[in-house]
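*Asks:* Model the full structure from these sequences, guided by the hints.
Chains as they are written, first to last, in our numbering: chain A, 3 to 351; chain B, 3 to 351; chain C, 3 to 351.
Derived from the structure by calculation, the hints contain no laboratory data. Treat the hints with care, since some could be wrong.
One copy or any two copies: either way a pair holds, since identical chains are not told apart in the list.
Computed list of lysine to aspartate or glutamate pairs in EDC-like fashion (alpha-carbon distance at most 20 Å, straight line) [to be verified]:
{"no.": "1", "residue 1": "90", "residue 2": "173"}
{"no.": "2", "residue 1": "307", "residue 2": "258"}
{"no.": "3", "residue 1": "108", "residue 2": "331"}
{"no.": "4", "residue 1": "97", "residue 2": "310"}
{"no.": "5", "residue 1": "307", "residue 2": "259"}
{"no.": "6", "residue 1": "285", "residue 2": "296"}
{"no.": "7", "residue 1": "312", "residue 2": "32"}
{"no.": "8", "residue 1": "307", "residue 2": "32"}
{"no.": "9", "residue 1": "90", "residue 2": "174"}
Just so it is clear, the structure is predicted and the values come from calculations on it, not from any experiment.
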Amino acid sequence: MTNFIRNAWYAACWSNELEREPQAKTILGEYLALFRTETGVAAAVEDCCPHRFAPMSLGSVEGENIVCGYHGMQFDCAGVCVDIPGQKNIPGRTKIRAYPVVEKHKLVWVWTGDPKRVDEGLIPDLRWLDNPDWRSVTGTTRYGCNWVLLVDNLLDLTHTTFVHQSTIGTEDVANTPVTSERTGDIVTVTRIMKDTEPSNFYKRVGGFEGKIDRWQKIWLDPPSTVIIDAGGVPAGTNDKYRGIDTRIISILKPVDDSTVDQIWAFARDTCLDDADLDADIEKSIIHTFNEDIEFLAGQQRNMEKRPERKMLNNTADSGVVQARRVIDEWLVADMAPARSDTSAPAPAE
Amino acid sequence: MTNFIRNAWYAACWSNELEREPQAKTILGEYLALFRTETGVAAAVEDCCPHRFAPMSLGSVEGENIVCGYHGMQFDCAGVCVDIPGQKNIPGRTKIRAYPVVEKHKLVWVWTGDPKRVDEGLIPDLRWLDNPDWRSVTGTTRYGCNWVLLVDNLLDLTHTTFVHQSTIGTEDVANTPVTSERTGDIVTVTRIMKDTEPSNFYKRVGGFEGKIDRWQKIWLDPPSTVIIDAGGVPAGTNDKYRGIDTRIISILKPVDDSTVDQIWAFARDTCLDDADLDADIEKSIIHTFNEDIEFLAGQQRNMEKRPERKMLNNTADSGVVQARRVIDEWLVADMAPARSDTSAPAPAE
Amino acid sequence: MTNFIRNAWYAACWSNELEREPQAKTILGEYLALFRTETGVAAAVEDCCPHRFAPMSLGSVEGENIVCGYHGMQFDCAGVCVDIPGQKNIPGRTKIRAYPVVEKHKLVWVWTGDPKRVDEGLIPDLRWLDNPDWRSVTGTTRYGCNWVLLVDNLLDLTHTTFVHQSTIGTEDVANTPVTSERTGDIVTVTRIMKDTEPSNFYKRVGGFEGKIDRWQKIWLDPPSTVIIDAGGVPAGTNDKYRGIDTRIISILKPVDDSTVDQIWAFARDTCLDDADLDADIEKSIIHTFNEDIEFLAGQQRNMEKRPERKMLNNTADSGVVQARRVIDEWLVADMAPARSDTSAPAPAE
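*Replies:* Written out as structure tokens, the structure reads:
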């Protein structure tokens, strides 16, 4: 099953993880070499020198160019060959595929599709990552499954009752029905739990002593960003100052058909200077996501075993079903020719 | 090469290895979750929840049911869904495949075929495992080969002369011709060695000082149980009280095309309380079976390399040839429609 | 991509690595068992007993024969079965494939093609390995790539400037143009560097203090032997006594489509008794070849990803291009019927 939407932005890594040294990344089954030039520009080329197919990620950066480490061919960030050692004439056709790259919200975004369709406006809105009133703990978790299974997982928090009993799950999550709606291509799933027992994680982080009113509002910003707006306040108080308000942001990077990286941020708007809390959150979040790993790998194994079999949708899956429908629509649109192919000039890159 | 006989019982594990906690087993390439209910009933379902395909083996047992660990769907031992968290109505079609399971001879047997053909009478007769006058050392050994290669191995003990020189093999084994016969679908291979040197293992376990009269009578109870009746007495005495009499029982569980588990028992009718002897036998048997592992993996590698090539049969292979013929007949019968499909009602399960 | 030239000699190992004990070797994707008989004759058979397909490499040598370790079948070096335990009559057709083997230049050579085409004259001339005026450090390095990528690598030393900066590379290598020529089927690439900085390795081994005149003359003896005649003398002196003269001989053994063993010798005609120098050379050479491993594995990965894509040839690749042409011609000739098939009698083996 290859279900990649190519005309889209994918976060390759956090901005602070990309230094001068080229590094190999696999996105949508393609091999890329990411690097940062001397002036600090983030760039990406195919991880394959057109000369003898050596990986560019084994090379180095010189000025604004990347140099193949095998025979020294040099390319600029647009992929144009600017030097061939021992050879004066560079044939005009000598190029390497360059990927459009943008840094935004502290992430390095790569456009994997048709360069003529590039549109920075398609990068999802992750304002909490830039807002100084919010603080984020960040990380990356890898799952051995197709990326859509992870979208399912994040949209349907029913599973927290069973998989994450020790951290974020409570009985009431599974027992409380959700509502879901689609606005444009954004699918939102909402679950409101009034007068409910706080989870262990909420008790520890929020310091709640009694019951709380708790909410989970989750939306898929397609193709692959899922944002969870989750929090709680002391039951009946509606008092956000005594509550907890968080955004768990997951930007999914499909690596190949059966591997996906979840680049995640846990953002909060309180206790901004509490480093102990940071450490506590990081530990809990990593523990929680790790609990999902074997379930998702097992789903993948079972899907591969019987590719023709259809999953069963329960009532709680309404959001998942709508999200899958959006993804299917995007897949169809992704394969259609770009409107600009016939009339508009190629956008400057 | 897929050569699985599905309408048959396979031992999944020893009864004492199955506790409440669900465990994953692969049999004939199928993924199963085995578990024991609160009242002690052994049961098996497909290791794939129909909801989102999570492995049921990651779930838990509640009462007489198994609960999916991902979103909490609950199924009884017949595979009928009895609970969906957060949902009142359970659609009638909501089922998971359940496998008929029987415990007999201290083993957990799973029927992998058509439930309408289930017949407990097809479980092989392994009376030595229940008889209090016999004592067994048991274990499981995994081989990286198709299950039929292990049937060959166990039926033709000629190989013990070469592979197991240090334990059970002697020169005379390879040099003594065998007789083989087929009675119904049972193929039996017999080798009688008069006035022969005991093997190292026989010397140690049987305490023989001089030559012995030794026998090996091996039969395949198809599809995949091989029983070796082996022993010896001081040469010319015919005195079983001064001899050694054993049954080496191998119940083969094909895992996939190139993996087979040998669930084995070494049963004896003497020294029933000798724990040191148990330990000695266990060590020797494991050592012996381990010597076969690289041979069988090598055969498998060579078979996969040239699937069209035929093996050469020597005189000593008469039993192996007959056994292969029975297996081929069973394979044909396995694929034929059940007689009950046309006329008889499905048996109650 | 399978691009094996079968009608050729391949070095299986160094002569001193082959003892009595059979050992498994994979050459051109075929499994072989190599062994040395009691009288010291090197021999090779298919690593698959015709009886039950057990690997012959798990067997043993008895006299001039190899014995299968599973059921004891015995074959002579020509592959004829000479014993079947427990069986008097050996059917005439009972054979195992035997490979022609010759020991020459301290190497064990195996002919993988049609036995009727065997020609010892096709073994490459590696006189330095036998000449007492030369001393060799030898070894074997395995690469995860098709053998032709390693031919490319050895013929085009431009890469030493980039990959091997710390040992044998200097700026001038990449900047100095090469000449290449084909004589018969031998392709030779020559690079002359006058008044150039010595590499770190040359400084250490040759003891040069100033600039040198340096040469690299490389030829492919098809299908897969590459010889590098490399050295240097103090600039302008033409004085070989104060210089360094070496042959780096690489005999490539294609293991499978994406694995190749480089059996290498670094031969020199000076300091024949300097064991410290031996150790120094060994360390440097292994370090140098290891630097290539990830480049070649990366090329292989990229080739497999896009099998239809063509490599770009730069000016420095003229020798590589000619060598590939020779290899392609040999591939075509390899598949043509042998001339002897129609008229000449099969050569005695």
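*Asks:* Quick check: which numbered hints come out false for this structure?
*Replies:* Result: hint 3 breaks, nothing else.
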